[in-house]
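Chemist: Just so you know, the protein sequences line up as chains A and B, in that order.
With our numbering applied, the first sequence corresponds to residues 1 to 820, in that order.
With our numbering applied, the second sequence corresponds to residues 821 to 985, in that order.
Note that these hints are calculated values from the structure, not bench results.
Please read these numbers as outputs of a predicted model, since none were measured by experiment.
Mixed in with the good hints, there may be bad ones.
Unchecked claim - Some residues of chain B that are not near chain A, with every Cβ distance over 12 Å (derived):
id: 1; residue: 835
id: 2; residue: 838
id: 3; residue: 861
id: 4; residue: 983
Unchecked claim - With beta-carbon atoms standing in for the labels, derived distance ranges:
id: 5; chain 1: A; residue 1: 445; chain 2: B; residue 2: 985; range: 43 to 49 Å
id: 6; chain 1: A; residue 1: 455; chain 2: B; residue 2: 939; range: 43 to 49 Å
id: 7; chain 1: B; residue 1: 838; chain 2: A; residue 2: 250; range: 45 to 51 Å
id: 8; chain 1: A; residue 1: 596; chain 2: B; residue 2: 907; range: 39 to 45 Å
id: 9; chain 1: A; residue 1: 444; chain 2: B; residue 2: 979; range: 39 to 45 Å
id: 10; chain 1: B; residue 1: 942; chain 2: A; residue 2: 25; range: 45 to 51 Å
id: 11; chain 1: B; residue 1: 942; chain 2: A; residue 2: 634; range: 56 to 62 Å
id: 12; chain 1: A; residue 1: 41; chain 2: B; residue 2: 941; range: 32 to 38 Å
id: 13; chain 1: B; residue 1: 942; chain 2: A; residue 2: 432; range: 39 to 45 Å
id: 14; chain 1: B; residue 1: 942; chain 2: A; residue 2: 310; range: 55 to 61 Å
Said to hold, decoys possible - From the derived model, a few chain A residues whose C-beta atoms are all more than 12 Å from chain B:
id: 15; residue: 46
id: 16; residue: 158
id: 17; residue: 283
id: 18; residue: 312
id: 19; residue: 398
id: 20; residue: 402
id: 21; residue: 486
id: 22; residue: 600
id: 23; residue: 700
id: 24; residue: 733
id: 25; residue: 748
id: 26; residue: 812
All C-beta atoms in this analysis are idealised placements derived from N, C-alpha and C, irrespective of residue type, glycine included.
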Amino acid sequence: MTTVDRADAAPPVRDQSAKRRWVGQSIRRVEDPKFLLGRGGYIADRITPGTLHAAVLRSPHAHARIVRIEASRAKAAPGVHAVITGPEAAELCNPMPDFGPDPARHTWRCLAADKVRYVGEGVAVVVADSRYLAEDALELIEVEYEPLPPVTDPVRALADDAPLVHEALESNCAYERTFDFGDVDRDFAEAEVIVRDRLRWHRSGGQPLETVGAIAEYDLGTGSFTIDTNTLSFTSYLFMAANTLKVAANKLDIRPVPAGGSFGSKLFANKPAVIAAMCARETGRKVAYLEDRVDNISNCDHHGSDRIYEVELAMMRDGTMRSIKIDVIDDYGAYIQFGVGHHGNALAQVVGPYTIGSVRYQVQAALTNKNQQGAYRGFGSEVNNWMLEQMVDKAARELGLDPVAVRRKNFIREFPHFIPTGNVYDSGDYDRVLDKALELADYSHWRTEQERLREEEGRYIGIGLISAQERSVFSATEFWFWFDEPGAPVTSTPESVSLKVDATGGITAILYSCAFWGNSPETMVAQFVAEEFDCSPYDVSIVYHGSRDGLPATGPGGSRTTVMLAGAVEGAAGKIKAKARRAAAHLLEIDPDDVEWSDGGFHVKGDPERKKSLAEIAIALHLFKHSFPADMESGLDESKVFDHPYTTMPSADRKDLGVFYPFMGHACHVPVVEVDIETGAVTFLHYAAVHDCGTLVNPRSLAGHIVGGTAQGIGTALYEEFVYDDDGQLLSSSFLDYLIPTATEVPELTIGHVETPSPYTPHGVKGGGEGGRMMAPAAINVAVNDALYPLGVRLTELPMTPERILSALRAAGPIGGRAG
Amino acid sequence: MTPTACTINVTVNGHPHVAEVEPRRLLVDFLREDLGLAGTHIGCEHGVCGTCTVLLNGASIRSCITFAVQADGAEISTVEGLARGGEMHPLQDEFSEKQGLQCGYCTPGMLMRACEILAENPDPTPAEVRSAIASNLCRCTGYQFITEAVIGAAARMRATKEVAS
Ligand code: FES
Ligand code: FES
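So that you can see chain A by itself, here it is in the shape it has in the complex:
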């Protein structure tokens, strides 16, 4: 294995023993009053009188050439200001920003120009006085299509004779590579048992209750766009969106507004903003484009992973895991905007919490006639967690070993630990998490109950136990380490915060991305600021700044926000305190080294009475410049652009990918389920979840993420699927068919926290925003299989709908012939 230099590259180890007053408290969220009062200010709430509304005509075909679009009747319809067809949009706009491999060979546009590649793809947009009138006019557009054979099965898509989604690519395989990390062949040769399986994970998605929307305005006088939207991330890459709109990057200002949920699906989701902006320039008016639910389900560009795995796990008879070979086909849909970054997420924690010594990872990205993949909470690592835990579970069964013991036998216990792919696990205590989970789950009680209920009542109870990783804070190398000669080997993924202390000592924090997705960035920042300055978090004012004249920001994603905001606040606060120290020392007529910070101000060391509070320092700095040395400027505001704290470069041969996801959370989920073998329904009898996300900032809000993520994981495991039939029709195109769990499908969770602080981050915080969904699908699958084991049934496909459970039961043989 070629290794990169590891020791030198690690950031300094921090002393995490500090006493904290605000970090660690379950304070009420500072975000909430406006939402509770119905004054959230979401994008749809910001439409002003006179704004025009856009509506998009969607393709009814999965694959068809656009022969002709006749829009004259629509243009003449009442209240219509413009109709822009796909071919016209291709003149007005360049292709969409695309991080995929070789984007010129699978060109992606805001509206389809020459052919449609999935049901729901936009072919024209109408701009009218109201959404009602715009939708009326959509019906008057005539599109003549020449239907082409669709391909919706990823395996078939990769066959030589498959219809091509993009002719220019000459294949439906957008990416293919096999990586070897460590000596896989040796480890397999030495193994005593090889456990094999084929696993299928169907696509689901974030589906926040609020869709993506944008309100755009074009100023003819300055030639610039102003766009308000509920998606703003990767601000340094917005020159790509500007290029789409054919303006200079400094003529595009994207301003963030609160998002009514995202779960990944608003990550760099610029298509609605581009459509609104294009329409604004064409009409000379302010234009709002708000996706409706069908737009979002069928055309959001953010469906989740859609994978077929062939896996081999090399084991010793005593339960030691030696190596794993993973062969995965991922159905990306019609485009591949983020490349195969989802598999980078998998590689960050591919061996789970286990000391597996080597890994072979083969990935093929198939293009099909479906809406493309984007981001969904876990970004592909949750699928890896599920795959690995199914394999470990199967191995325990085949070897006749206890599932708890097998996991314990292989736990990593020394940190920092470098896994075969090169990524580091900074810290952890997997035994402690497991112990706590077994205790909260009342594990032995349920094992006894399981047997009793089966024998006495013929009920099938299953206990799912999984222990898995939750990587946090991605760095940019995972965008390009796929390629030997990457087009853009970028390394920046910063987050910025500015702090302004006004003349009265009041503190305002400025954020630069669409940080609010339903997570708690304002509460986090307020708690960090309060910790630094000994103020109340409720006295901190938080504002968001637009992209054009803002500082670099990457936004939420990969459970990075809290860690990165912590670093940015720490950095900006450090600068403020350095200036305030000098000012205080000057006012106290003493050397700056002789004052120290305590309780909201600087005092003379050894003489706490001689003190200047932050407010006293601030008013002096704001109003009395000439009382200070000449080099001190008026005011007290500072910024910090906080870059990724721990990244190393991949080796040239890509046998070591370097450190790219270092702050490693961990969790153990133990659901207890009952499977009704007559109906195939799965219900929960108990559910324990223990997470370790490093130092807790606000335990209540983390618990909220755990429950909410688990609810989504329940959807992934049991209910949610974007179902495309063989013709490429999307069968689950509303919430009537795409089943989001309700309050009666989600059990009450018993939640535990373990804290192993990261040695490398401020306060020792690790990200925790995705954890619930990264664990629940794996845990519930293990639980269902545990319930059905006596019947010889094992589910290997998610979601485990009643239909899939019943057909697996039928395949296993007649009910009467079963044991139990």
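Position chain B with the ligands relative to chain A; hints supplied.
Modeler: Using the frame of chain A, we list chain B with the ligands on its own:
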């Protein structure tokens, strides 16, 4: 063809309104756009998610599949009417205390549904709350802290009633 407008009389959060609306105008659009009460949100427009829930004569309805003309003569309650004189309703306060919201988008609909639930049953069990709020989707919270908030608010509202009586 522009459909002819109808005149409707509605009382919203205690305020009477006389308005001209198209017969096809949805109640949610009337509330949000015509009256400027943007607290009622739209999640699906198919009548499935409950995000748009308001009370019509005290009963919860989905304003995305109700025409404004159907509200003629009715009393409508929306989230904007919950807080009184700058003081949050116990439900709002308990949602804040228990973190019964994350993105806040489902929250107005949940709050209105919870008002109805507690009007019908001032002392529900957690299971009863769960089953009653299963009418409304929340994509963020997993419902656990919403359930706790409704239970908490119920206790406070009962206590206030006892004091008052
Ligand atoms: S928006 Fe009305 S039920 Fe979903
Ligand atoms: S809080 Fe986001 S949908 Fe309920």
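Chemist: Okay, which hints does this one fail, numbers in order?
Modeler: 3, 10, 15, 23, 24, 25
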